[in-house]
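Novice: Here are the chains, one letter per residue:
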Amino acid sequence: MLNFEDVSKSFGSTRALEQVTLRLDPGTVVGLVGHNGAGKSTLMRTAVGLTRPDRGRVTVGGVAVGQFGNLAGLVGASFDASTLPGGWSALTALQATAALSGIPAERVREVLAMVGLTGAAKRRTKTYSMGMRQRLAIALALLAQPRVLILDEPTNALDPTACHDLRTWIRKHAEAGNTVLVSSHNLPELEQVADRVVVMQKGRIVRDATTSDLLTGNASLVRAERPDLLRDQLRRAGHHTELLDDGVLRVTGTTSTEIGRVAATHRLVLSELSTERRQLTEIYQLVTMEGTRA
Amino acid sequence: MTTNDKQLLAGRRAPMPFTRLLRVQLRAWRGQRGMVWLTGLAVLVGVVAVMFGVSSLDENPAASLVEEKFGAASVGFTLLWLAVGVLAGAAPFRSGWAGMVLSVAPRRLRWLAASYVSMIVWAAGTTLVFGTLGWAAVTAFLAGGSGSSGAGLGVLGAMPAVAVKVLIAATVGFALGSAARSVAIPLMAGYVATSFIPFLDRPTKGLSRLIDLDSATEAAAGVHAAPHGIGPVVAALVLWAVVPAAIAAARLQRSDVR
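So the sequences go chain by chain: S and A. Throughout, this note's numbering is defined as the position within the first sequence, counted from one, plus 228. Throughout, this note's numbering is defined as the position within the second sequence, counted from one, plus 27.
Calculated directly from the structure, the hints in this document are not laboratory data. Bear in mind the structure is a predicted one, so any value in this text is a computation, not a measurement. All C-beta atoms in this analysis are idealised placements derived from N, C-alpha and C, irrespective of residue type, glycine included. Among the hints, a few may not be true.
Said to hold, decoys possible - Just so you have them, the derived chain A footprint on chain S, three or more residues with Cβ under 8 angstroms:
1. 270 to 279
2. 286 to 299
3. 305 to 312
4. 316 to 329
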């Protein structure tokens, strides 16, 4: 649905984006991660035309973003929540955006209730906490129920309950067949919601993989009645093993089936056999370190 | 891609209806306290000045005298429209509204045009209110509230010039504000710099009249004749309104919007 094709953008001598190519399919949530200044926000802003690429093109449904005269219901975006008009109330901001998008007034009440701002709807946004402003920014993006939803660091300043709610809205939106692109520094949160993770560094994509591929490690974790014996047998079979503090045996260079076969051959009872699951934070650090070296 | 998607994509190529942009901008002005307060202040200052202006008149003055007094007393009202224009031009960029609206309606110049037209509609409505209140004030002061034929005609006669001055002040303010995307510099230029221009007449051997906005406004409003012809009037209006508007448009087209 949303495609970035060879997109490059510079600000003076700084290259914000360098030949970024990314395809986002309907029904998926894509997480965008990277250090500050990696180019995430710039990339997202090109999807609604607020930033114009120097080279390449951004398309929605095969049509270049620049050719649209009206993005209501097609692309909805939430960027820096601190730049919302401070003199306005949430109600004014939502009503103005609804009028612009041709959306009925009932939808305004619906999103206000959804993000929990009904009680504060008439207060000026400059009196809001950062978390409330963030919720308003999300409400504005979701207002027109867009086919492509873009959320730039939406978990900033959100409390754990609001983060949980946000995950639910994002998943629901994607399950309805829409595309979601979400950037975040909150990697454990992103890990739970994204189907795919794209790592950016210095304006380039350095890793693009499904979340399950990224998080599934190449090691197996085994809990056995006699771990020392199993370790000896696995070593003899040429596999690398390591006995962890909690008595779990970490085995690399082989499959679970092979571990099971070795245990069965030597009549060793296994109480647990699983594939090691890594954390996104760990992967992110590895990937960005590799990128820095390269 | 579903049939709905194809229809949505096809329907979204057409630009946002101009009238919708206009309505939304008017709603935005209403929601912006600075704009509402400044507009209210302009009306208040204008009406109070009119009351003072006509208080020295006889009970049943000639329409031409009322017109003259009303026109002179309206200076405060017309002057404040430069500030309103600056605010209208700069505020959307400073408040984040420009980014919000352009992420839905990406045709930038169309939005800028709608923004300008909406401010002119706002100015026209306010000028109408000012004219009505001014007329009421003049009528109340003259003939002890019993009404005066000269009052109505005098106010009516003065209003076209007031409207032209408001139009020019608001246009110049909007152009400067949207070009600079700030408030302080356009206000300095519009209020302080313009007041020094008459003093440059001799050192520049008369060339300063090409940039004399105040004289050009007076001439365009028909308050004073243009002693040096229409050329300096057009030159000053181009310099103060058209050039900054062109800069604003070029800047909006080329730069990123926050």
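Novice: Each hint: holds or not?
Specialist: We went through each hint and held it up to the structure:
1. Taking a C-beta to C-beta cut-off of 8 angstroms, the region 270 to 279 of chain S contributes 5 residues in contact with chain A, enough for the three needed, and the coverage statement holds.
2. Residue count for the region 286 to 299 of chain S with a Cβ under 8 angstroms from a Cβ of chain A: 11. That meets the three needed, and the coverage hint holds.
3. With 5 residues having a beta carbon nearer than 8 angstroms to a beta carbon of chain A, the region 305 to 312 of chain S meets the requirement of three or more and the stated coverage holds.
4. Under a criterion of three residues with beta carbons nearer than 8 angstroms to beta carbons of chain A, the stated coverage of the region 316 to 329 of chain S is upheld, 10 such residues being counted.
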